Amino acid sequence: MPRIGVFVCHCGLNIAATVDIAKVIDRVSQHPAVAHAEDYIFMCSDPGQLLVQGKIQELGLDGLVMANCSPTLHERTFRNAAALVGLNPYLVEIANIREAVSWPHMKEPERATEKAIEIILATVEKVRQNTELHTIKVPVTHSVMIIGGGVAGIQAALDCADAGLEVHLVERTSSIGGMMASLSETFPTLDCPQCILTPKMTQAGKHPNIRIHAYSEIEEVSGFVGNFQAKVRHKATYIDWSKCTGCGVCMTVCPTKKIPSEYNHGMANRTAAYIPFPQAVPNRAVIDDKNCLWLLKGKCGICAKKCPAEAIHYEDNTEIEELEIGAIIVATGMEVLPVEHFGEYGLGKIPDVVTGIQFERLLAPSGPTAGKVQRPSDGTEPKEIAFLQCIGSRDPANYKPYCSKVCCMYTGKQAMLYKHAVHDGQAFVFYIDIRSDGKGYEEFIQRAMEEEKVLYIRGKVSKVFEDEGKIVVWGTDTLTGKWIELRVDMVVLATAAVASSGVNELASKLRITTDEHGWLKEAHLKLQPVETLTAGIYLAGAAQFVKDISDTVAQASGAAAKAIALLSKDHLERVPIIACVDQDLCVGCGYCETFCAYGAIAVDPVTGKAEVNEGLCEGCGGCAAHCPSGAATLTNYGKKQVFDMITTFTNGQVVQ
Amino acid sequence: METIPYFPGCTCKADALPFEVSAKAVMRELDIEMREWERWTCCGTVYSMTTDDLIHQLGPARNLIRVQEEGSDRVVTICSMCYSTLKLSAMMFDADEEKLQKLNDFLYDEVDYEGGIRVMHILELLRDDVGFEAVKERVVRPLEGLRVAPYYGCTLVRPTEAGIDDREEPRVMHDLLEALGAEVVDSPFKVECCGSYETVDRPEMVAEKCHRILSDAIKRGADLVVTSCPLCEFNLDDRQDVISSIAPRFPGIPVLYFTSLMAIAFDLPEEEWGLESATVDPLPVLQEKVLAPKDEGGG
Ligand SMILES: Cc1cc2nc3c(=O)[nH]c(=O)nc-3n(C[C@H](O)[C@H](O)[C@H](O)COP(=O)(O)OP(=O)(O)OC[C@H]3O[C@@H](n4cnc5c(N)ncnc54)[C@H](O)[C@@H]3O)c2cc1C
Ligand code: SF4
Ligand code: SF4
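Residue numbers (numbering that gives the first Met the number 0), protein chains in the order written: chain A, 0 to 655; chain B, 0 to 298.
Just so you know, the hints here were simulated from the structure itself, not pulled from any lab data. The model shown is predicted, which means the values in this text are computed figures rather than measured ones. Don't take every hint at face value.
For lysine to any residue, the following SDA-like pairs were computed, each having C-alpha atoms within a straight-line distance of at most 25 angstroms [stated by the list, open to error]:
hint, chain 1, residue 1, chain 2, residue 2
1, A, K452, A, E442
2, A, K399, B, T159
3, A, K404, A, T255
4, A, K230, A, G517
5, A, K462, A, E442
6, A, K459, A, I301
7, A, K114, B, T159
8, A, K256, B, G162
9, A, K462, B, E207
10, A, K289, A, E323
11, A, K256, A, Q228
12, A, K289, A, G347
13, A, K525, A, D547
14, A, K125, A, T140
15, A, K469, B, K218
16, B, K218, A, H73
17, A, K520, A, C619
18, A, K348, B, R34
19, A, K469, B, R219
20, A, K481, B, H210
21, A, K348, B, L290
22, A, K399, B, M91
23, A, K399, B, P158
24, A, K348, B, A94
25, A, K462, B, A94
26, A, K639, A, D287
27, A, K459, A, E449
28, A, K418, A, K399
29, A, K462, B, M91
30, A, K404, A, K256
31, A, K399, B, A94
32, A, K125, A, H73
33, A, K462, B, I217
34, A, K639, A, Q29
The following residues of chain B were derived to be distant from chain A, with all beta-carbon distances above 10 angstroms [unchecked claim]:
hint, residue
35, Y112
36, G115
37, R117
38, F131
39, E143
40, T159
Glycine included, every Cβ here is placed at the ideal spot set by N, Cα and C.
With the sequences and hints as input, model every part of the structure.
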C-alpha cells in the first residue's frame with residue numbers, strides 16, 4: 000500500500016476562512032493510501048517546509064499531495080523540498096484549493112469544503128500512480144546566433160564572444176551598424192556614432208570569436224534550445240569578398256548613380272556597386288542586382304575591368320550555410336514610417352518635408368551635405384524649421400496607438416543641432432507633451448528651450464502644404480487656444496517607429512510571436528523582458544519595442560547574459576513530463592505527427608513506430624489525446640490515471 | 000449596357016439637376032445606365048450622421064431595402080453627402096447584427112434587409128469599374144490647356160473608413176481630369192471645409208472659407224474648379240457674390256461638376272453638359288481654351 004502524505008495549507012485566512020480544514024483532514028485521512036494528513040498556517044514558509052520534510056523522513060512517505068495555492072506559485076518549492084530529503088520530486092503534486100476553491104466559493108463554505116476534499120482525493124489517485132521521473136539532459140552547442148547587427152546585436156555579440164562563446168552575427172544589409180550608424184549625434188550627451196559606435200563595430204569585426212554574416216538572412220531554423228540548426232542565406236554580392244579590399248574603385252566608376260541610398264535614408268544617392276558608408280564593417284562592396292546594368296542588360300561591366308583586386312565576377316554567389324546553434328538573440332530593430340504615409344503632411348510630395356531620420360543625415364558631418372543644413376529642394380539654408388512630434392504615434396484612430404518614445408528626445412536634439420549649425424535660424428517644435436524620462440534627459444530638453452531658444456508650441460499640426468516656395472504649417476497652440484499659421488523653410492516629421500519589415504516572417508521561422516504591431520513578444524513584459532516563450536531564444540533592442548541607445552545596450556547585455564548562462568553548462572536539463580510511445584501498441588499511423596505543434600514526434604521509417612524527441616517535446620499532450628490506439632501517453636498523466644481522477648470527482652470512488 | 004440602381008437624392012432633382020443630366024449622359028456613353036427606382040426617400044442627410052442611434056438610420060435603410068428589391072448588390076450616387084450617409088449606414092448594418100435585427104423588427108411592413116449592399120460614388124465607379132483608361136479612350140475633345148483644380152470637400156473622403164480615397168491627399172479627380180486631357184492644378188485646399196450647411200445662417204463665414212479655397216486655386220493658375228458635391232458647388236459658386244462684397248478685388252472663378260467637363264470632352268450635345276447650375280459663367284474660359292477650333296498648325 001502506498002504511503003501518501005497530505006498537507007493542507009491555511010494560507011493565512013485565504014483558505015481557512017472558507018474551507019473547513021479539520022473536516023478535510025478528517026475525510027482524507029480515511030483514504031487507505033493516505034498515511035498521514037496534517038495542516039499548517041503557511042506551508043510554504045520555512046517551518047512549513049521543515050514540517051513536510053520531517054514527516055517524509057519520519058514516516059517514510061512515498062508521495063505527497065500539497066493542498067494549497069496554484070502550482071505556478073509553489074509546485075517548485077515543494078518539489079525541491081521533497082528532493083532534498085530524498086523523495087523523487089515528481090511524486091509530489093499540488094491540489095489547488097485556493098484559486099480553484101476558497102476564492103471562487105467564498106460565499107458557500109460547505110460546497111467549498113466538499114470540493115476541496117474531492118480535489119485532494121483525486122490528486123491522491125494521481126500521486127499513487129505517478130512514477131519516479133528524472134530530469135532529461137540534452138547536450139548543448141556552445142554557439143550563439145544573433146540576428147540583426149544594430150547596436151543591440153553588436154553589443155550582445157561582443158558580450159557573448161568575450162564570454163568564450165562562438166558568435167554568428169547575421170545582418171541583412173552589407174554592413175553592421177543599424178539605425179545608429181545613420182545618426183548625427185546622440186542625445187543626451189551629443190557624442191557622434193563615429194566616436195562611440197564605430198569602435199564597437201571594428202571590435203566586432205576583429206573579434207576572434209565573432210563571425211559576421213553580412214548581406215545574409217535567415218532561411219530556416221529547426222531544432223530546439225541548445226541544439227538549433229540554422230540555415231543562413233548569404234545573398235548574392237557578385238563580388239568575391241575574399242579578394243575585395245574595400246578600395247571603393249567600383250563605386251567611383253559605376254555609371255548607375257541615381258539609386259536612393261539606404262544608409263542616407265534617401266537624402267543622397269548611391270551607385271549599383273557600393274559600400275554603404277566609409278566605416279562599414281565588413282568593408283566590402285556588393286552589387287545591387289536590381290540596378291546593375293550588366294546584370295540587368297548585359298551592358299557596362301566597367302567595375303570588373305577597373306577593380307584592382309579582380310574581385311568582381313557577376314556570378315550569382317548565393318550560398319546557404321548550415322550552422323549548429325545553442326541560443327539565438329533576435330535584434331532586428333525598428334524602422335520609421337516614411338512621409339509617404341501622411342496625406343496631411345503632403346504624402347512625400349513636398350521635398351522639404353522630411354522624417355527625423357532623414358534630417359539626421361542632413362545634420363551629420365558624415366552626411367551628404369557634410370553637416371551643412373540645406374533644403375533638399377534647392378540647397379538653400381533653411382532659416383526657419385518646424386519640427387512636428389507624434390506624427391503617426393499616439394493616434395489610435397489613424398496610425399499607431401503607442402508613443403514612439405525616442406522622438407521627443409531626438410527632436411530636441413535636432414532642434415539644438417540645427418541651432419548650432421544655423422545661428423540665426425529659428426526652430427519651432429510642435430508637441431503634445433514632452434516625454435524626457437531618462438537620466439539627463441529633462442535637463443537636455445530644458446537646455447534646448449532655454450539656452451538654444453527653441454520655441455516649443457503645445458499642439459498638433461493639422462496640415463502642411465507648399466505655397467510660393469515656403470511651407471505653410473497650420474496648427475493650434477493649445478495653451479493659448481490660438482490658431483497658428485507658420486510659413487517656414489523646412490518641416491521635420493517625427494514619424495512613428497515601427498517594427499522592421501519582414502519581422503513577422505522571421506518570427507514564424509523562429510516559432511516566436513509578435514504583437515499586433517509587429518514588435519517581438521517577450522515571455523513576460525515585466526519579469527522576463529528578454530526571454531521569449533520559446534526556450535533558448537532571446538530579444539534585444541528595439542525589435543521588442545522602440546528604445547533609445549542606452550536601453551537598447553542594457554537589454555542587449557541582458558540577453559547576452561541569459562544566453563551565456565544557458566550555455567555555461569555542457570547539458571541542459573528539461574522537465575521530464577513529456578510524451579512517450581508504447582511500442583507494443585503503436586501501429587505507426589502517424590496521426591501524432593500531424594498534431595504535434597513542435598515537430599517532436601515522428602514515425603521511425605525503420606521500425607514503423609512513433610518516437611518522441613525528448614529535446615523538442617513540450618509535454619502538451621496533444622499526441623496522447625489524438626492517438627487512436629492509445630500508444631502515445633504523457634508521463635504521469637496516463638489514461639487510467641486521468642480516468643481514475645475523474646471517477647473520484649464524479650462519485651467519490653475509483654472504478655477498478 | 001449594364002444597369003446599376005441610382006440614388007439621386009433631393010438636391011440633384013432641384014438645384015443640381017444639371018449635375019444629374021451630365022452624369023447620366025456620360026455614364027451612358029461608357030455603357031452604364033444609372034437607373035433611378037420609383038420610391039426613393041431622403042438619404043438621411045446630416046441627421047443619420049450625427050447620432051449613433053437607429054431611428055435616424057431609417058432614411059438610408061429604407062433606400063438600401065429598395066436597392067435589394069431592385070435585385071442589385073450595388074447602388075451608385077452622385078452627391079457626396081448622399082454617398083456618405085448611405086455608405087455609413089450600410090457599413091453599420093453589415094458590422095452590427097443586433098442593429099440589423101432591430102431594424103428589421105421595427106420595419107415589419109418591409110422585407111428584411113439582408114445587408115451586403117455596396118454603396119458607390121460615381122467617381123468610384125469610374126475609377127474601379129470603368130477605369131480611367133476607358134474614359135480616356137472615349138475622349139474626342141481633349142481638354143488640353145484647360146487648367147482645372149479639383150475640390151473634394153469632406154464627405155467623399157471622410158470619415159476614413161467610408162471615404163473613397165486618401166482623406167488628406169485624394170487623387171481620384173486628379174487622375175480623371177488627366178484622362179480628359181486637362182492640366183490639373185493641385186491645391187492644398189482641396190479638402191478644406193467649404194462651410195457646409197452654415198451657408199444658411201452664416202453666409203459671410205462660408206464666403207470667407209470659400210474665398211481662401213478659390214483664391215489659392217486662382218493663385219496656382221486654375222481656370223476653373225470642379226467638384227462632386229452640390230453643397231460644395233453652391234458654396235463655392237453661388238457664394239461668390241458674398242465674396243465680392245467682402246473682397247472687392249476677388250476676380251471670380253467658375254465652378255463646375257466634373258461630369259460637365261466629361262460631357263464636353265466626350266463632345267456630347269450642349270444640353271447634356273449640365274452648365275446651367277453655374278452662377279459664374281464658365282463659357283468664356285471654355286470658349287477660349289477648349290471649344291474654339293484648335294489651330295492645326297495653319298491647316
Ligand atoms: C531619427 C532618430 C534619431 C535617434 N536619435 C537617437 C539619439 O540621439 N540617442 C539615442 O539614444 N537613440 C536615438 N535613436 C534611437 C536609436 O536609433 C535606437 O535606439 C537604436 O538604433 C536601436 O538599435 P537596435 O540594434 O535595436 O536596432 P537597429 O538600429 O534598428 O538595428 C537593427 C539591425 O537589424 C537588421 N535587420 C533587421 N531585420 C533583419 C533580418 N530579418 N535579418 C537580418 N538583419 C535584420 C537591420 O538591417 C539593422 O542593421 C534615434 C532613432 C531615430 C529614428
Ligand atoms: S570590388 Fe574591387 S573595386 Fe570594389 S571595393 Fe572591392 S576591391 Fe575595390
Ligand atoms: S516620444 Fe514624444 S514625440 Fe514621440 S510619440 Fe512619444 S510623445 Fe510623441
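Structure versus earlier hints - violations, ascending order = When the structure is compared with the hints, numbers 3, 5, 6, 7, 8, 10, 11, 14, 16, 18, 21, 24, 25, 26, 28, 29, 30, 40 turn out to be violated.
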